[in-house]
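Please model the entire structure based on the sequences and the hints provided.
Under the numbering used here, the residue at position 286 of the sequence shown is numbered 299, and the numbers go up by one with no gaps.
It is possible that some hints are incorrect.
Claimed, not checked - So the derived label-pair ranges between C-beta atoms look like this:
{"#": "1", "residue 1": "G204", "residue 2": "T347", "range": "41 to 51 angstroms"}
{"#": "2", "residue 1": "V389", "residue 2": "D137", "range": "21 to 31 angstroms"}
{"#": "3", "residue 1": "R173", "residue 2": "V228", "range": "19 to 29 angstroms"}
{"#": "4", "residue 1": "D107", "residue 2": "P217", "range": "23 to 33 angstroms"}
{"#": "5", "residue 1": "T141", "residue 2": "P317", "range": "46 to 56 angstroms"}
{"#": "6", "residue 1": "V389", "residue 2": "A274", "range": "30 to 40 angstroms"}
{"#": "7", "residue 1": "A62", "residue 2": "T347", "range": "16 to 26 angstroms"}
{"#": "8", "residue 1": "A48", "residue 2": "T395", "range": "21 to 31 angstroms"}
{"#": "9", "residue 1": "P317", "residue 2": "I358", "range": "19 to 29 angstroms"}
{"#": "10", "residue 1": "P409", "residue 2": "E133", "range": "18 to 28 angstroms"}
{"#": "11", "residue 1": "A274", "residue 2": "S29", "range": "16 to 26 angstroms"}
{"#": "12", "residue 1": "P409", "residue 2": "V228", "range": "39 to 49 angstroms"}
{"#": "13", "residue 1": "E91", "residue 2": "Q147", "range": "39 to 49 angstroms"}
For the record, the hints were derived by calculation from the structure and aren't laboratory data. By construction, the Cβ of each residue, glycine as well, lies at the ideal position given by its N, Cα and C atoms.
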Amino acid sequence: MTETPLAAPFAITDGSARHARYAQLAAAGPVHRIALPTGEPAWLITGYAEARQALNDPRLIRSDAALANLGRDLLPPEVFAAFSHSMLNSNPPDHTRLRRLVTAAFTRRRVEQLAPRVQEITDDLLDTMANAEQVDLIDSFAYPLPITVICELLGVPTGRRMEFREWSSVVVTGVLAGPDALVAAGTAMVGYLRELVDAKRAAPTDDLLSALVAVRDGQDRLSEDELISMVFLLLVAGHETTVNLIGNGIRALLTHPEQLALLRAQPHRLPDAIEELLRFDGPLQVTPFRWTAEAVDIGGVTIPAGEIVLAGLLAANRDPACTARAAALDITRTDNPHLAFGHGIHHCLGVTLARLEGRIALGTLLARFPRLRLAVPAQQLTWRPGVLMNGLAALPVSID
Numbered sequence: 014m015t016e017t018p019l020a021a022p023f024a025i026t027d028g029s030a031r032h033a034r035y036a037q038l039a040a041a042g043p044v045h046r047i048a049l050p051t052g053e054p055a056w057l058i059t060g061y062a063e064a065r066q067a068l069n070d071p072r073l074i075r076s077d078a079a080l081a082n083l084g085r086d087l088l089p090p091e092v093f094a095a096f097s098h099s100m101l102n103s104n105p106p107d108h109t110r111l112r113r114l115v116t117a118a119f120t121r122r123r124v125e126q127l128a129p130r131v132q133e134i135t136d137d138l139l140d141t142m143a144n145a146e147q148v149d150l151i152d153s154f155a156y157p158l159p160i161t162v163i164c165e166l167l168g169v170p171t172g173r174r175m176e177f178r179e180w181s182s183v184v185v186t187g188v189l190a191g192p193d194a195l196v197a198a199g200t201a202m203v204g205y206l207r208e209l210v211d212a213k214r215a216a217p218t219d220d221l222l223s224a225l226v227a228v229r230d231g232q233d234r235l236s237e238d239e240l241i242s243m244v245f246l247l248l249v250a251g252h253e254t255t256v257n258l259i260g261n262g263i264r265a266l267l268t269h270p271e272q273l274a275l276l277r278a279q280p281h282r283l284p285d286a287i288e289e290l291l292r293f294d295g296p297l298q299v300t301p302f303r304w305t306a307e308a309v310d311i312g313g314v315t316i317p318a319g320e321i322v323l324a325g326l327l328a329a330n331r332d333p334a335c336t337a338r339a340a341a342l343d344i345t346r347t348d349n350p351h352l353a354f355g356h357g358i359h360h361c362l363g364v365t366l367a368r369l370e371g372r373i374a375l376g377t378l379l380a381r382f383p384r385l386r387l388a389v390p391a392q393q394l395t396w397r398p399g400v401l402m403n404g405l406a407a408l409p410v411s412i413d
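Quick look at the structure:
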């Protein structure tokens, strides 16, 4: 562990260089003092065992003090409050109460019932793509599939989908998007979400958002900020990570032709392939920020109380102490305890839905377009900057 805060990979837009930087940090030890884009110091955990320990430690809590990347000092107070009162930034018992309100909508049985609709949306998108020789797979497929699914689940009209995409992209990029852009996007998004909630309150329908509004109004279990934060979390987390799962997964397969050929020849391996793609190049760089309520010992390092801590998922998932040939993509792995969906009480609520969308999206895409290939050299692909997300800005492919 070094005393001087190190440069983290957050602003790197080359995927290989980003992974190389995380690997460099991991090779030097499992815990590092780093500088966030805001200049604030934080602790980055790069070892698998250490990250798993941290994610399960009740002394590492969620706190407004840890929300540096969200721009707590930049956003108007009412906008920041609307973003920060979700279960993602809460601790028991509030976290338990908030999570319970939406758990029923994401049970395995409920999600599997969505499979026919996910398949229908997938087929429609691929039908449209089939008329072109070259497309951006992010714009044409990886984005519209999960945003349509989560909007339908919540009961959100898709008419302003492109606006929402722009706002969401800026908000999850955080301070790296620039203060003016962050304030504008955050303010616009909160205004839009308040309009949605007001519309459901006035005319409820049979969907998850109306159910959440009814809980708030009927039983007074959600404050207004909690309600807006919940909708924000479900909408953003419900599509951003799956966009990256699909985009990163296809890129990984197209740049590892032997693995792609194996998957085409043995499609029954698709579920294991999804897990390996999540491990190899997952949708998140790090977990959302945590804060030490007291001094914590991790990996032989004592992290003082009142410090920001991040679990570096990209590094931990390639830790050779956990995974043999960790730097290699191998879709035949069957024992794959990756941390792409987090761990502990904040383990991703939508994991079953993300896996379902990933299986249907990748399986159908590869079957539909047997000549699918990159339309540009792999080294020309660009990743979005940001602290949390790990996703491509675009993925040009040829499908003829």
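Please list, smallest to largest, the hint numbers that this structure does not respect. 6
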